[in-house]
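Enquirer: So you can see what is in the structure, the chains are spelled out below.
Number of protein chains: 2
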Amino acid sequence: MDIKEFVLKKAHEAREGARNLARTSSSRKNSVLAKMAEALSIRSAELIAENKKDIEFAEKKGLSKAMIDRLTLTEKRVEEMASGLLEIAQLPDPVGEITNMRQRPNGMAVGRMRVPIGVIGIIYEARPNVTADATGLCLKAGNAVVLRGGSEALHSNRAIVTILREVAQAEGIHAGAVTFIDIPEREAVMEMLKLEGIIDLIIPRGGEGLIRAVTENSRIPVLKHYKGVCHVFVDRDAELAMAEAICLNAKVQRPGTCNAMETMLVDKLIAPAFLPVVLKRFSDAGVDLRGCPATRAMFAGIKEVTDADFRSEYLDLILNVKIVADMDEAMEHIAIYGSAHSDAIVTTNYDRAMRFLREVDSSAVLVNASTRLNDGYQFGLGAEIGISTDKIHARGPMGLEELTCTKFVVMGNGQIRD
Amino acid sequence: MDIKEFVLKKAHEAREGARNLARTSSSRKNSVLAKMAEALSIRSAELIAENKKDIEFAEKKGLSKAMIDRLTLTEKRVEEMASGLLEIAQLPDPVGEITNMRQRPNGMAVGRMRVPIGVIGIIYEARPNVTADATGLCLKAGNAVVLRGGSEALHSNRAIVTILREVAQAEGIHAGAVTFIDIPEREAVMEMLKLEGIIDLIIPRGGEGLIRAVTENSRIPVLKHYKGVCHVFVDRDAELAMAEAICLNAKVQRPGTCNAMETMLVDKLIAPAFLPVVLKRFSDAGVDLRGCPATRAMFAGIKEVTDADFRSEYLDLILNVKIVADMDEAMEHIAIYGSAHSDAIVTTNYDRAMRFLREVDSSAVLVNASTRLNDGYQFGLGAEIGISTDKIHARGPMGLEELTCTKFVVMGNGQIRD
Numbered sequence: 000m001d002i003k004e005f006v007l008k009k010a011h012e013a014r015e016g017a018r019n020l021a022r023t024s025s026s027r028k029n030s031v032l033a034k035m036a037e038a039l040s041i042r043s044a045e046l047i048a049e050n051k052k053d054i055e056f057a058e059k060k061g062l063s064k065a066m067i068d069r070l071t072l073t074e075k076r077v078e079e080m081a082s083g084l085l086e087i088a089q090l091p092d093p094v095g096e097i098t099n100m101r102q103r104p105n106g107m108a109v110g111r112m113r114v115p116i117g118v119i120g121i122i123y124e125a126r127p128n129v130t131a132d133a134t135g136l137c138l139k140a141g142n143a144v145v146l147r148g149g150s151e152a153l154h155s156n157r158a159i160v161t162i163l164r165e166v167a168q169a170e171g172i173h174a175g176a177v178t179f180i181d182i183p184e185r186e187a188v189m190e191m192l193k194l195e196g197i198i199d200l201i202i203p204r205g206g207e208g209l210i211r212a213v214t215e216n217s218r219i220p221v222l223k224h225y226k227g228v229c230h231v232f233v234d235r236d237a238e239l240a241m242a243e244a245i246c247l248n249a250k251v252q253r254p255g256t257c258n259a260m261e262t263m264l265v266d267k268l269i270a271p272a273f274l275p276v277v278l279k280r281f282s283d284a285g286v287d288l289r290g291c292p293a294t295r296a297m298f299a300g301i302k303e304v305t306d307a308d309f310r311s312e313y314l315d316l317i318l319n320v321k322i323v324a325d326m327d328e329a330m331e332h333i334a335i336y337g338s339a340h341s342d343a344i345v346t347t348n349y350d351r352a353m354r355f356l357r358e359v360d361s362s363a364v365l366v367n368a369s370t371r372l373n374d375g376y377q378f379g380l381g382a383e384i385g386i387s388t389d390k391i392h393a394r395g396p397m398g399l400e401e402l403t404c405t406k407f408v409v410m411g412n413g414q415i416r417d
Numbered sequence: 000m001d002i003k004e005f006v007l008k009k010a011h012e013a014r015e016g017a018r019n020l021a022r023t024s025s026s027r028k029n030s031v032l033a034k035m036a037e038a039l040s041i042r043s044a045e046l047i048a049e050n051k052k053d054i055e056f057a058e059k060k061g062l063s064k065a066m067i068d069r070l071t072l073t074e075k076r077v078e079e080m081a082s083g084l085l086e087i088a089q090l091p092d093p094v095g096e097i098t099n100m101r102q103r104p105n106g107m108a109v110g111r112m113r114v115p116i117g118v119i120g121i122i123y124e125a126r127p128n129v130t131a132d133a134t135g136l137c138l139k140a141g142n143a144v145v146l147r148g149g150s151e152a153l154h155s156n157r158a159i160v161t162i163l164r165e166v167a168q169a170e171g172i173h174a175g176a177v178t179f180i181d182i183p184e185r186e187a188v189m190e191m192l193k194l195e196g197i198i199d200l201i202i203p204r205g206g207e208g209l210i211r212a213v214t215e216n217s218r219i220p221v222l223k224h225y226k227g228v229c230h231v232f233v234d235r236d237a238e239l240a241m242a243e244a245i246c247l248n249a250k251v252q253r254p255g256t257c258n259a260m261e262t263m264l265v266d267k268l269i270a271p272a273f274l275p276v277v278l279k280r281f282s283d284a285g286v287d288l289r290g291c292p293a294t295r296a297m298f299a300g301i302k303e304v305t306d307a308d309f310r311s312e313y314l315d316l317i318l319n320v321k322i323v324a325d326m327d328e329a330m331e332h333i334a335i336y337g338s339a340h341s342d343a344i345v346t347t348n349y350d351r352a353m354r355f356l357r358e359v360d361s362s363a364v365l366v367n368a369s370t371r372l373n374d375g376y377q378f379g380l381g382a383e384i385g386i387s388t389d390k391i392h393a394r395g396p397m398g399l400e401e402l403t404c405t406k407f408v409v410m411g412n413g414q415i416r417d
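So the protein lines, in turn, are chains A and B. Quick note: the first sequence uses numbering that gives the first Met the number 0, first residue 0, plus one each step. Quick note: the second sequence uses numbering that gives the first Met the number 0, first residue 0, plus one each step.
Hints are computed from structural coordinates only; laboratory data are not their basis. Every residue gets a Cβ at the ideal spot worked out from N, C-alpha and C, and that includes glycine. A portion of the hints provided could be inaccurate.
[Claimed, not checked] Partial list, derived from the structure: chain A residues whose beta carbon lies under 7 Å from chain B: (1) Thr23; (2) Glu207; (3) Gly208; (4) Leu372; (5) Thr388.
[Unchecked claim] Using C-beta positions, here's what the derived DEER-type ranges look like: (6) Leu268/A / Glu4/B: 39 to 45 Å; (7) Ser82/A / Asn412/B: 31 to 37 Å; (8) Glu4/B / Glu15/A: 47 to 53 Å; (9) Glu86/A / Leu316/B: 52 to 58 Å.
[To be verified] Which chain B residues face chain A? A few, computed with CB under 10 Å, are given here: (10) Ile210; (11) Thr214; (12) Glu238; (13) Asn248; (14) Arg253; (15) Phe298; (16) Asp374; (17) Asn412.
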């Protein structure tokens, strides 16, 4: 069978699975998730053995240490996958909720019912845990999943999917609900991306290269996360100790994440009191600082920041510092250089807090809180399938609700159109 | 200037317009809409004169009568455009609403604020009224619009846009908020569709050919309406008079619309009592009937329905009739042949009504009401920009809310990530 036919057949199986899952009750879905978690735990030795094959191959191919680390399954990581599924089982089921039910003048009641999207394609790189996490979230929201992991993790993913499918089938769920494209050819991804009308949504998870390639080639809607170029603006009326704590946290608590701060913008009126102290702390914490001329005049021995720096997502202990005339200049900077991900203001001024909240156009806008808090768990959504930097369908952390859509439901008693 | 540069420059102007509009108050937007309406009314002679040029050219080119009718502006049609804008001014502004504001365990409050999408591209065919309608809806929701109408309507559209832009500028709105691609080359559309990150959303309005071409070539998310292959299922427990009224209305009240019925599915237990009467009425109303073998055995002289008929959107007085064993067969038929647009059941049975509502996966699912009621006005959304047959972002009639997105807003008092 050629690759095109193979992928099409798989997608059709997923479609069947989706129709079956859409009719499955919450309690059945939750018990399937619990049994999947149990099976992963019990069979962890099997998973680790299959994972070894991937690791050996990755070492032969000379993949980076970081990549091999992401690829590696340990007893603890398998336990984390299992407990992730249990957590998903405990979240409320979004499917079936009816909102905005209103009586119309002609007597019919019109509302919106939350329903699964259908078939969701997940295209990801080397992390095998995505296989279990994405399956759990899609299944709970009533969607079939078509999984396409990186070829480096083929043995690991195949082993995880085998277990998940066995449990699904034993529990009376159509096996197509968990569909895995288990061939390594890249062409398989290209074929997936053409299946408009069979696959309803694509969520790519990985580096910028993967995401751009998927977006450019897909005829199916894509929900994606490009990059996080995040800002904290320290207003002239900021409380100094709070501003210091928030800026430190936003940069150093976990610099490798998308919601860590890239650029600290400081109002010129507060800069003399604030900057020397906080820059000393950054410097002590090993942060590589890059400043505008005014910053460098105030704090010696740091590099000059460039235009390219202002556009970079560092994912590392590097920070741009810029002194601005006022909040308007700060917001202008964010509009030009930011990636509309996570941007914060520190201030005690009510008017400026409200203006910043309203006018900064980012997936999360925060007053007096660290950008690092832009996260599904922190925001109370439960587990997240990713953070969307798009504006269509979902923006910011995406939980179960973002894996559903709505349809209009009408309860009439004979209404017709005049 | 080449076409690529021209379109890029226009899109950048729209982007500026969008930033300006996002900060404009509701009362300002409403007064701009009211003044636009007034200006269209006052200057209708000018619009009709420009429209004459398009009509003359269309007649020379030998365009169809139906197309020339869609293209024609009359005093009455200009008045309708103006009153459309006034209606939009009276709708509540979705922008700025904050929902789901909740206190998190660490004390910060997290909610979602409704905000404009940004820049919306509208690609349409010969109807000049779309120019005013789409501008009104986009503007009210705080979005800049990039208009690209059919080349047949170039003079008409240019005249309408000139008036709308003059009013916008006089009222202090950035002219980029109403951007018009006023060159006839098709290449301009292709260039528009590449401007990911500058244009946020594309809404094509027109025939299936236009919509497919836009979807296949766009790197920007597209909200679209393919086709409406709509069903009414008459259950064994239907009230006969109600079923008759709903089926007649769904087919003949305005057959040229997307939510008119294509196929009537009838439970075999009720068929002998229901079919002969209703088919006689359809026949008297001039409907071309196509039946399954069982239907033809019951009602003489009608054509046999084909598989292709079941997949057709008629937009005309043609109806397929099929007798089914039960609701499951009806739902199976809808899943296979339908276009997930508008599907209705007529029944007095509570369990089947609830199952049909839940299990039929269409943009609107109706119990005891005509499919013709799937419409923004009927559903209480006010004016609509179209009906989406997609599942991502918007499904069914799209009003002002569907032209917005949300962002997360966080009000903290010093929260950081542990």
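Enquirer: State for each hint whether it applies.
Expert: Cross-check of the supplied hints:
no., hint, verdict
1, Thr23, "11 Å, violated"
2, Glu207, "13 Å, violated"
3, Gly208, "16 Å, violated"
4, Leu372, "6 Å, holds"
5, Thr388, "10 Å, violated"
6, Leu268/A / Glu4/B: 39 to 45 Å, "42 Å, holds"
7, Ser82/A / Asn412/B: 31 to 37 Å, "32 Å, holds"
8, Glu4/B / Glu15/A: 47 to 53 Å, "49 Å, holds"
9, Glu86/A / Leu316/B: 52 to 58 Å, "56 Å, holds"
10, Ile210, "12 Å, violated"
11, Thr214, "7 Å, holds"
12, Glu238, "8 Å, holds"
13, Asn248, "4 Å, holds"
14, Arg253, "8 Å, holds"
15, Phe298, "23 Å, violated"
16, Asp374, "8 Å, holds"
17, Asn412, "5 Å, holds"
The structure is inconsistent with the numbered hints 1, 2, 3, 5, 10 and 15, although it conforms to all the rest.
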